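Chemist: Residue numbers (the UniProt record's numbering), protein chains in the order written: chain E, 1 to 713; chain P, 1 to 713.
Keep in mind the hints are simulated off the structure, nothing from the lab.
On a predicted model such as this, the values are computed, not experimentally measured, just so you know.
Fair warning: there could be bad hints in the mix.
Note: identical chains are not told apart, hence a pair may lie in one copy or across any two.
What the hints assert, rightly or not - Straight-line distance between alpha carbons at most 27 angstroms, and here's what the computed BS3-like set of lysine-lysine pairs gives:
hint	residue 1	residue 2
1	K451	K201
2	K565	K696
3	K204	K565
4	K564	K219
5	K241	K325
Chain by chain, the residues run as shown.
Number of protein chains: 2
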Amino acid sequence: MQFEPLFNPKSVAVIGASDRKESVGYAVMNNMIKGGYKGHLYPVGRKPELFGMKCYAKIGQIEEKVDLAVIAIPAKFVPGVCIECGEAGVKGLIIITAGFAEAGEEGKKMCIEIQATCQKYNMRMIGPNCLGIINPRDGVNASFASVMPEAGGVAFISQSGALCTAILDWAANQHVGFSYFVSIGSSIDTDYADLFEFFAKDPKVTSILMYIESIKDAKKFVLRAREFAADKPIILLKAGKSSEGAAAAMSHTGSLAGNDAVYDAVFDRCGCIRVDSICDLWDCAHVLATQNIPQNNRLCIITNAGGPGVISTDRLVSVHGHLAKLSESTMTELNGFLSPFWSHSNPVDVLGDATASTYQKTLDVVIKDPQIDGVVVVLTPQAMTDPVAVAKSLVEHGPYQKPVLASWMGQSEVEAGVKILEQGKIPNFETPERAVTAFGYIMRHPDIAAKLKEIPKYLDVQVDYEGAKKLIADVVADGRTTFTEYEGKMMFSKYGIPIKGMAKASTEDEAVAEAMKIGTPVVMKILSPDIMHKTDVGGVKVKLTTEEEIRKAYRDIMTSVKEKKPEARIHGVLLEKMVGFKYECIIGCKKDPLFGPVIVFGMGGVTVELYKDTNIALPPIGLQEADRLIDGTKISKLLRGYRGMPACDVEGLKKILVQFSKMIMDFPEISEVDINPLAVSYEEFLVLDAKIVLDKNMIGKEVPKYSHLVIQP
Amino acid sequence: MQFEPLFNPKSVAVIGASDRKESVGYAVMNNMIKGGYKGHLYPVGRKPELFGMKCYAKIGQIEEKVDLAVIAIPAKFVPGVCIECGEAGVKGLIIITAGFAEAGEEGKKMCIEIQATCQKYNMRMIGPNCLGIINPRDGVNASFASVMPEAGGVAFISQSGALCTAILDWAANQHVGFSYFVSIGSSIDTDYADLFEFFAKDPKVTSILMYIESIKDAKKFVLRAREFAADKPIILLKAGKSSEGAAAAMSHTGSLAGNDAVYDAVFDRCGCIRVDSICDLWDCAHVLATQNIPQNNRLCIITNAGGPGVISTDRLVSVHGHLAKLSESTMTELNGFLSPFWSHSNPVDVLGDATASTYQKTLDVVIKDPQIDGVVVVLTPQAMTDPVAVAKSLVEHGPYQKPVLASWMGQSEVEAGVKILEQGKIPNFETPERAVTAFGYIMRHPDIAAKLKEIPKYLDVQVDYEGAKKLIADVVADGRTTFTEYEGKMMFSKYGIPIKGMAKASTEDEAVAEAMKIGTPVVMKILSPDIMHKTDVGGVKVKLTTEEEIRKAYRDIMTSVKEKKPEARIHGVLLEKMVGFKYECIIGCKKDPLFGPVIVFGMGGVTVELYKDTNIALPPIGLQEADRLIDGTKISKLLRGYRGMPACDVEGLKKILVQFSKMIMDFPEISEVDINPLAVSYEEFLVLDAKIVLDKNMIGKEVPKYSHLVIQP
């Protein structure tokens, strides 16, 4: 356990300890002492004595080998001190010091030196440019944040130090406990994935909450997040939704799979629940710190006023929760003691004159209803209402097996009650919508865990890997990175992705002969590696049936193309049997700079970017993942049979997606693919237009198999 | 001014005054006294003396005519007491008593009696079943809510008494002032519209905030809301989004224009800004109570930490705000005093060590930038940060011309600073996203006001009103409420909505002759008032070109229909020239039970309910409203020319919508209309299929012109 000495140290040295109250070194020392740290604490600094302890000039002078050194000295001294730490047998470092990134080249050099030192001496390091870490259970406040939170199960990781201080401040006031609190800083050594791995093995950690702005090692992140989330929830806020627009791309897929959409797909795939705001993140912390995780999405709302009940219901529906249907026995029991005017359904309106006992009896009844997975209790300060008595009762009768959240609405009138709730570990929310929203996020965990545990089903289909490889080699040999349509379709056919009745012809006679072979009517398209937009140069003719039509079309195309694009190399024409179809889909792939290839599926055609009825998944795609990829679109409803119209062969489509994913997995040199449209009829799917672009930087490069994927099959 | 004596009474009687502390009568008396009411206050009750005042047994015994009587006695005595009030010359009533709606028939009867009494004596009444009203400026707390808020500009109206108490409690703690605070109760006399009208004329009212669950008089609501909102903002929370699913309807339009979608369209049309949650409503109150309204949507964010800046930007983009571009002179000025490491763009990151003076200088610079319409100042508690000093400075240098919102993040560490901000009328928000969201709502007011002031442009087109009237009469005479497709198309043609090359034929020969007249290829469809789904009975044949094809089609249709629907009356067949088209649109109308006819436009075809790319508007529709109706859909991008494809005749489409609206306005007996698809080519629009259903209850009824519309032309 590399991180054990860092997070649960037996001894801690503070390098840069000082008695100047405004210094970070002072703050860390002071926090360690105030936090009640029970291990050995050693100040390292210029004074002979600090805080009534012997102060060491160098870490090497300390009589024992210390587990953790917290470094708070000017940046330029840090690399040297790291070496001293290594030599002194220190096991973990926290570098609070900032000024590395800002120092440009010099800073980068220092970072590399520090990384090398950490590796050499087998030390793990957090930072630089961070607030530090807190382990409340063991009284470790190795940070310059003065608030020591309570001990609890939530592990918090933040890329923003500023957010850490705000969250700590809220936590202290709302009795939210943490197992670990980590300001991760520039994360040049320890990153999110390392922490996921460490936290996964620590039974004290019941969930992870995090704020992130960027991810460095996508592969590790995805791997470790999946492991953790299969067991315990990860809730995160990712900032920068709008900061990076989808860059100009050659393909539709490129623009559909914009930066933030890919993040969403990645988080979804690795089971991270992404929230929308700081409020949401905090509210989830609040619930996770105090309540069990609901087993399903059916919520019961108890309220003493109609309005908040209606509003809560609206919110529940919008977060895809379900208003629990009260079971018959619950109804009978409630009828037994509630006023005859109660709502007789969920939300359970216990009316304005509800006493503490009314609330309590109602809660006790609904919480044992097997059709209810969680309860939100709403209280508005009305004339007869005793916010304190209700709060006391709820706390005294707890803890509850299922999550119970509260919303005592108002301020002064409910303040005392709220305090009792918070101290009693029943989270209170300013408004019932916030309670419902938090429930909505957390209720997703059981499904996520099940999904992450499933064993992907692949297909046992023969593919012509060598043939596909040769196709790529041929394109490369021709000095190109872009496939012609013919080559693209051939490529797909090697992976069993259906194309139909296609032939090349380089003379008029050949065109007639081939057309008759594949059957009319045919489409004729110019075949040239230099022409991307065939229609623009008069390079496409449709509905050709007779020999005469075919001959004329051939001549017209050649004349027009030669006139409009004289420099283009002409490989002849592509002939295809015209097919009728019901719908147009798109299957595409693009390489995300961070997450590697991502696969897009959805409604295709020219309006693909307008309607954006598409969904994104990461390879490898098994049959179950293909199902989810399809079902994340509206067009899936059409494909599965809509309003009495017949269904298409969705099983066949799933297989195509699995095969498509296999192709992407087999060839790291593929950069972008657009199959648009994939023509869909009730019987079959056909690639009607195909675009494949290779990644210049990967051509001819030997890389380990699947190394371009963030998820290993 | 009917409401003047009710809201600004010179004398108040409390009927049901009591010295029992738990009684409502006591609470109202006590609140009036504590509130510092300067007028004459008269207890009416059983005691000879109450609160050291003479107590009257009957209202009629009071020596002067009182302006306002607050009634807090058991329901059964209320009707009688209302009469006594009327006879005593009381001008306004507030009935706090509940138990009318719950008392069933008896309760309804009492309500009718009270309404009659109010009319007879020309009294305005608020309630029953309400909390009362508060006018803080004049010390009138005629309610049993014990909190007296500060005086301010916001008028608050709530249908939920429980929400009133919560909001009052927040308001007291955050120094949010109100002009009037109204718990509207069952609103059997005074409703929202009455208050809009009264508040519009009161310069002390600067905005209206409201919570509503239902609207009774839609016409009055829309009229008065439009008047108010053209001048000052109305912000509302409407509960019950999910409570009413779209009921089963005969048409697509019926299911697209579900209850909540119509509310959205109505609020939009009358300039009400609808928020999403209690938090939002409260946050808007907070801004409106303290800040000027922004003139546009360009926001500047000042922050001492990067993370919250990024998160705020994400939120701003999602609420359709703009991150203001800092002008050159602003950049120069900021460079003059900020650390060289500042962000050099908006969000203006003044860095973690920013002092009060740094914050203040930055705010002073950006607030005078003409490219900036508002500022959100974010502070996170960092080591060098002084939350109190920054707050003090901001308050001391205020008030500001443009809205300034704050987010001091955290709790204990920023508490003192937050208090100073709130006292200094700079609203503080728990998180920066909440500040940005509130800005996002309020920034919409200038556009709304401009839209409400615009003069609608109608068309000067001749319509065949009499012809249309006759068509309806013929359908009715035939004992039907549903038009055949032919009749529907004829109806549209009377209003200049384009149909094309259509003919009826009732024999084979006639079919051939008519087809040749309109030009082939044609579509042939069975014409029967009893067949709604023509395809199902083999009643449609397409692409008929030759005489032989036409004859065969006629025979096939007749055979099939007679076999499958032997009882159907057959009017022959409908022949139409087949047209090619690019897109399918829908134009529809349905009668909302509350808001009357609403008009739907958007992407049509069979997937109309799947993609729901539609928008809703209320008649009358002028050219500008038609523009907005179109632009609220994605398909408008196609129609206006997408990705190099030519544009369609959008001007022509606007005219069709205006004419369609005219038809709906002219015929209150029309209940549902679906034009789906409206075929769209680059040159023209054509009604391809048409459905018209009449409203049984309106047939043959003489109603005043336009009385079925909530907006009068």
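Chemist: What are the numbers of the hints that this structure violates, sorted from low to high?
Modeler: Hints 3, 4 contradicted; others consistent.
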